[in-house]
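Q: From just these sequences and the hints, can you work out the full model?
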Amino acid sequence: MSFVLFLRGLIGVLLVFAITTYVITQSLWTTFIQTLICAVLLQIGYFAAVLFLVWRSADKTKDEASTAKDEALQSLPKEDHPAGKVSQLPGVPRSGNL
Numbered sequence: 001m002s003f004v005l006f007l008r009g010l011i012g013v014l015l016v017f018a019i020t021t022y023v024i025t026q027s028l029w030t031t032f033i034q035t036l037i038c039a040v041l042l043q044i045g046y047f048a049a050v051l052f053l054v055w056r057s058a059d060k061t062k063d064e065a066s067t068a069k070d071e072a073l074q075s076l077p078k079e080d081h082p083a084g085k086v087s088q089l090p091g092v093p094r095s096g097n098l
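Following UniProt numbering, the residues of the sequence shown are numbered contiguously, the last one being 98.
Simulated from the structure, these hints should not be mistaken for lab results.
What you are looking at is a predicted structure, and each value in this text was computed from that prediction instead of being measured.
We put the CB at the ideal spot given by N, CA and C, even for glycine.
Hints are not guaranteed to be accurate.
Okay, the calculated beta carbon distance ranges per label pair [said to hold, decoys possible]:
{"#": "1", "residue 1": "Phe52", "residue 2": "Gly9", "range": "16 to 22 angstroms"}
{"#": "2", "residue 1": "Pro93", "residue 2": "Leu53", "range": "54 to 60 angstroms"}
{"#": "3", "residue 1": "Ala58", "residue 2": "Arg94", "range": "46 to 52 angstroms"}
{"#": "4", "residue 1": "Lys62", "residue 2": "Val40", "range": "19 to 25 angstroms"}
{"#": "5", "residue 1": "Leu51", "residue 2": "Gln88", "range": "49 to 55 angstroms"}
{"#": "6", "residue 1": "Ala49", "residue 2": "Gly91", "range": "27 to 33 angstroms"}
A: Right under this line is the structure:
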């Protein structure tokens, strides 16, 4: 969402809130204070929503990475020797002790 679109929406909501508050209270001072409180609460809510979206995105990325890693490990070929035996490294001569 672009900043201009967000700003238009925020100002529109605050104007509707201010007009409604003034019609109900008939006080400019009360309308100003309550509209200011509403603006702060909207900003806190917007900030919390963005933090939540970033947190959820990080969890999805971590889950996808672990799933891809598990799939890659499962696709590796199984070794031909029994478990517990150490295989010889390629290009390294076998010692006479084994």
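Q: Taking the hints in turn, state whether each one holds.
A: Status of the hints after comparison with the structure:
no., hint, in the structure
1, Phe52 with Gly9: 16 to 22 angstroms, "holds (19 angstroms)"
2, Pro93 with Leu53: 54 to 60 angstroms, "holds (58 angstroms)"
3, Ala58 with Arg94: 46 to 52 angstroms, "holds (48 angstroms)"
4, Lys62 with Val40: 19 to 25 angstroms, "violated (33 angstroms)"
5, Leu51 with Gln88: 49 to 55 angstroms, "holds (54 angstroms)"
6, Ala49 with Gly91: 27 to 33 angstroms, "violated (58 angstroms)"
Of the numbered hints given earlier, the model fails hints 4 and 6; all others are met.
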